[in-house]
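If you read the protein sequences in the order shown, they are chains R and C. The opening residue of the first sequence carries number 0 in numbering that gives the first Met the number 0; numbering runs sequentially from there. The opening residue of the second sequence carries number 0 in numbering that gives the first Met the number 0; numbering runs sequentially from there.
Don't read these hints as lab results, they were simulated from the structure. Keep in mind that this is a model prediction, so the values were computed, not measured.
Identical copies carry no separate label here, and so any pair may be met within one copy or between two of them.
SDA-like, lysine to any residue: derived pairs with alpha carbons at most 20 Å apart:
| hint | residue 1 | residue 2 |
| --- | --- | --- |
| 1 | K71 | M132 |
| 2 | K71 | D116 |
| 3 | K71 | P117 |
2 protein chains.
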Amino acid sequence: MPRYRLTVEYDGGPYCGFQAQAEQPTVQAALERAIEAFCGERIRVHAAGRTDTGVHASAQVIHFDTDVIRPKNAWVRGPNACLDPAIRVLWSHEVPDDFHARYSALSRSYRYLLLDDPVAPAILRGRVGWFHMRLDVDRMREACAALVGEHDFSAFRGAECQARSPIRTLSEARVERQSNLVAFTFRANAFLHHMIRNIVGSLVYVGADREEPAWIAELMASRDRRKAAPTFAASGLYLAGVEYDPELRLPAFRETSP
Amino acid sequence: MPRYRLTVEYDGGPYCGFQAQAEQPTVQAALERAIEAFCGERIRVHAAGRTDTGVHASAQVIHFDTDVIRPKNAWVRGPNACLDPAIRVLWSHEVPDDFHARYSALSRSYRYLLLDDPVAPAILRGRVGWFHMRLDVDRMREACAALVGEHDFSAFRGAECQARSPIRTLSEARVERQSNLVAFTFRANAFLHHMIRNIVGSLVYVGADREEPAWIAELMASRDRRKAAPTFAASGLYLAGVEYDPELRLPAFRETSP
Numbered sequence: 000m001p002r003y004r005l006t007v008e009y010d011g012g013p014y015c016g017f018q019a020q021a022e023q024p025t026v027q028a029a030l031e032r033a034i035e036a037f038c039g040e041r042i043r044v045h046a047a048g049r050t051d052t053g054v055h056a057s058a059q060v061i062h063f064d065t066d067v068i069r070p071k072n073a074w075v076r077g078p079n080a081c082l083d084p085a086i087r088v089l090w091s092h093e094v095p096d097d098f099h100a101r102y103s104a105l106s107r108s109y110r111y112l113l114l115d116d117p118v119a120p121a122i123l124r125g126r127v128g129w130f131h132m133r134l135d136v137d138r139m140r141e142a143c144a145a146l147v148g149e150h151d152f153s154a155f156r157g158a159e160c161q162a163r164s165p166i167r168t169l170s171e172a173r174v175e176r177q178s179n180l181v182a183f184t185f186r187a188n189a190f191l192h193h194m195i196r197n198i199v200g201s202l203v204y205v206g207a208d209r210e211e212p213a214w215i216a217e218l219m220a221s222r223d224r225r226k227a228a229p230t231f232a233a234s235g236l237y238l239a240g241v242e243y244d245p246e247l248r249l250p251a252f253r254e255t256s257p
Numbered sequence: 000m001p002r003y004r005l006t007v008e009y010d011g012g013p014y015c016g017f018q019a020q021a022e023q024p025t026v027q028a029a030l031e032r033a034i035e036a037f038c039g040e041r042i043r044v045h046a047a048g049r050t051d052t053g054v055h056a057s058a059q060v061i062h063f064d065t066d067v068i069r070p071k072n073a074w075v076r077g078p079n080a081c082l083d084p085a086i087r088v089l090w091s092h093e094v095p096d097d098f099h100a101r102y103s104a105l106s107r108s109y110r111y112l113l114l115d116d117p118v119a120p121a122i123l124r125g126r127v128g129w130f131h132m133r134l135d136v137d138r139m140r141e142a143c144a145a146l147v148g149e150h151d152f153s154a155f156r157g158a159e160c161q162a163r164s165p166i167r168t169l170s171e172a173r174v175e176r177q178s179n180l181v182a183f184t185f186r187a188n189a190f191l192h193h194m195i196r197n198i199v200g201s202l203v204y205v206g207a208d209r210e211e212p213a214w215i216a217e218l219m220a221s222r223d224r225r226k227a228a229p230t231f232a233a234s235g236l237y238l239a240g241v242e243y244d245p246e247l248r249l250p251a252f253r254e255t256s257p
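This is chain R alone, in the form it adopts within the complex (with noise of 0.2 Å):
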């Protein structure tokens, strides 16, 4: 049965997140239901993230089985045609029958975007995370770097985290800032649940110079959730990109995604 992997970008604010629940919206349920109505057959999405309500992405990957034959490009014009605008396919290839979206993933990138301004954001509130005051980018670069390699992550690891280890291997941690706009970028072969958005609630510390860069090498050593600071809101978090292995070719990104 032929296998097709697409690459997906959504807005996540009108979902409670990718994974299908009973009576709730989710990108999951929206995408089946879109695929199905273009080839009028069951079928059942597994995606590389697992991203919660409200996270957004801007490449996303997916692949299903079926055994409904079309033209190539139809299985990205077909199910937006059937999907809701804030859901796109942008992007689809026919895979090998071994290719898994989720284990098949060596790692994910995610971005978070936060506008540090006195004033929150109104044409771009629900895309990015605000903090009322500018933030020290050197600071929080300086932090970062005890974050990068492999490390036990239990002080940013959320508390309904069902993940067997709370050890990660993060290969990239950046932060720049584009005017008022800070985009911080992580990279690694998997995260802990709320582990970005409660990273980025630390460093955001840092950039405020309320705790010192060294605190968050401190934290880590504490393996400690209480000590670190809250989760950050998901509006800014996005997953950003899924790396494979190079011989499965790479999906074409959108060039101006987050």
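Following the hints, position chain C against chain R.
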């Protein structure tokens, strides 16, 4: 009676334009309600530009008169505490009583943001216009030259336009690309109804190779609206600035504004 000038950002999506209309949600009504709730007095706001349904503003300018005395910064925080989250006051300033947001304005700047990509925007839906194929920015830039200066803009005038004269002076018409977003900037003493969205529609015909760059000059000379392209979507249009006599001290706009 003191007169205050506020700079206001809004997402025009939820509103039937700026100007108050009975039984319709408008930006003016929302602002008057919030300022009245804060100062406990009936006030009337006047705006530099009466944006249409769905049109945004990153820097609309309004003024109002009040006898209520409040600390200077309170005219930002107070109304914001009462306002819809789709509208934010960015800045306030007391102005001489002969200042008028509309009549003192020397010029207005608008930006039009357009995603040119095979797939419609999900995350930026309602915030940008969309065209399904890549546009040639150089061709559109060449076409823009014909727009600059004092001209009869009848070819780009909306049917409901109530202006006495179709003559306007365009001091700037610019097209830039940032990856797959095309940004058009127009500055003029004033604009006719739907003028920018009509110009953008015709420039898109040029950028898509459907018309030659010289066609824009021909349209202008014809003064015939029926020859031009259809009006482009409101979702990509932003009132991005209002210019006054420099002695009146310009507000500091958000740097990241579209």
